[in-house]
Amino acid sequence: MSSSRFVITVIGLDRVGIVAGITRVLAEHQVNIADIRQSIMDDLFTMIMLAEAKGENFDLAAFQQAMQAIGKELGVEVIVQHEDVFRFMHRI
Amino acid sequence: MLIHPEEILETIKMVTTQHLDIRTVTMGINLRGCCHPDLETFNSRVYDRILRCAENLVRTAEEIQNLYGIPIINKRISVTPIAIVAESCQSEDLVSVAHTLDRAAHEVGIDFVGGFSALVQKGMTPGDLRLIQSIPQALATTRKVCASVNVATTKAGINMDAVALMGRIIKQTAEATRDAGGLGCAKLVVFANAPDDNPFMAGAFHGIGEPDCVINVGVSGPGVVNHAVRELRNPSLGEIAECIKKTAFKITRMGEMVGREVAQRLGAQFGVLDLSLAPTPAVGDSVAAILEAMGLESCGTHGTTAALALLNDAVKKGGAMASSSVGGLSGAFIPVSEDEGMIRAVQRGSLTLDKLEAMTCVCSVGLDMIAVPGDTSPATISAIIADEMAIGMINKKTTAVRIIPAPGMKVGDMVEFGGLLGIAPVMPVHNFSSEVFIARGGRIPAPIQSLTN
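In order, the protein sequences belong to chains A and B. Going from the first sequence to our numbering is simple: count from 1 and add 431. Every letter in the second sequence is one number past the one before it in our numbering, and letter 336, counting from 1, is 331.
The set of hints was computed from the structure by calculation and includes no laboratory data. Careful: at least some of the hints might be erroneous.
Stated by the list, open to error - No more than 30 Å apart at the CA atoms, straight line, and that leaves these computed lysine-lysine pairs for DSSO-like:
#1 B:Lys8 with A:Lys485
#2 B:Lys241 with B:Lys311
#3 B:Lys405 with B:Lys139
#4 B:Lys392 with B:Lys241
#5 B:Lys392 with B:Lys117
#6 A:Lys503 with B:Lys8
Using the sequences plus the hints, can you model the full thing?
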């Protein structure tokens, strides 16, 4: 594991308040957004964020749980994965 | 953003809809320090050793699973072949060792423990014989223990006495687990050229020459390959090979990353990454489906061996490019009961035992998870093993037989094993006798291919 950066993927039906809801939880966990992309494909809201945990006592399990809970509330799927998985799979 | 969104979505789709997973993280544990003439002392040393090495295995694997969002399906342990480490035990019966392994497996929370094994390709020691004779009872009275016996290598030839014995042992194992459809046989493999670092069950053991404690990882993904091949528009076979190679590359990279991280956190050495397309009963997660995606109406028809050869080779090439630690079996598995496409092919009548045997010449393992009628004779089972061992010996490759003579069942019946082991259609065998051939015993000499020095 080379960093404390995570890729957060949010997929679901578009509605008001998705970005607001997700970023609120990020702030609560001291997670900073390094990059963000968002698009609507076939009515499907897709947001991909590169985020970095800033807190010294960052608890990944608790963060993932909180993200899933907010995802459920907003009716979208939220996946939090360490960035290395994508780097390793697609880059040499 | 350095990582392209399409790549992120591709990875996520592989996991969520195409069944990509780390099939197993297997910890190899050396038991050579546990030897003792007193069986009870030996058992308690084995128990303590496994608990000491593997107490954090499951928790660590789960942490990594959450960190990367890639499911790790099984956590397993392989140990030094018990026949070797229990050789000095003054006891005729080694069933209690299997119980010890089972107890340790439950305690640390793993799914399977492999290594109730013997290597007898050139001959048997008294310890080997005691272990093999303990197999039926050991498998009938444990849940997580797997057994394997290596009866042939390219260097040594085929030990036909052991082949004859294993025919009888398989029948006894089926009888001893009669109520579960002969389930014990699903945990027993007979090998030629068994690899020392295989993370997959039932054949995993911690070979001689391995480090003290090692992490081997098995990655799977027939569903991903199947999906990638089906996405191609009217491809040539060269394009299919290229596509499989690229997909295998990606899967392997992910496995290596996970393996190294687990090993580092546990303070163990990272051993090998075994990229094997291991199907599951889930629809689409099927090696047969990949072969059919190449243009065969039903797996097992003419052309199947060629298609499988292309698949197996492309998987290896992709894997070899992606990691310097590719080992184990690495290729395509063709277990009938675990592959929904294979089961359907058998039921349609397109896939037979003879065709499966031909397919094992070009893929990574052998006749795997095949149910045959309960009244199949021990000599016929031995003869099936002998054929498969000959293929491994001559082609300098691993081959194996995991066959279930399902008690009381006849051709066309279905035997259900549950979970990843799936459902096996009972397949016909030849009715002509092999009795005299098997009864001759002795050794089939090592082939000319063995003279490489």
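**Prompt:** When you check the alpha-carbon spacing of B:Lys392 and B:Lys117, does it fall within 30 Å?
**Reply:** holds (17 Å)
**Asked** Quick one, are B:Lys405 and B:Lys139 close enough, alpha carbons at most 30 Å?
**Response** holds (28 Å)
**Message:** Hinted pair, alpha-carbon criterion (30 Å max): B:Lys241, B:Lys311. Please report holds or violated.
**Reply:** Given pair B:Lys241, B:Lys311 holds - Cα atoms ~11 Å apart, limit 30 Å.
**Message:** For B:Lys392 and B:Lys241, compute the direct alpha-carbon distance and say whether it is at most 30 Å.
**Reply:** Roughly 24 Å between the alpha carbons, so the hint for B:Lys392 and B:Lys241 holds.
**Prompt:** Within 30 Å, alpha carbon to alpha carbon, are A:Lys503 and B:Lys8?
**Reply:** holds (19 Å)
**Prompt:** Does the structure keep B:Lys8 and A:Lys485 at a Cα separation of 30 Å or less?
**Reply:** holds (29 Å)
The structure fails none of the hints (numbered hints given earlier).
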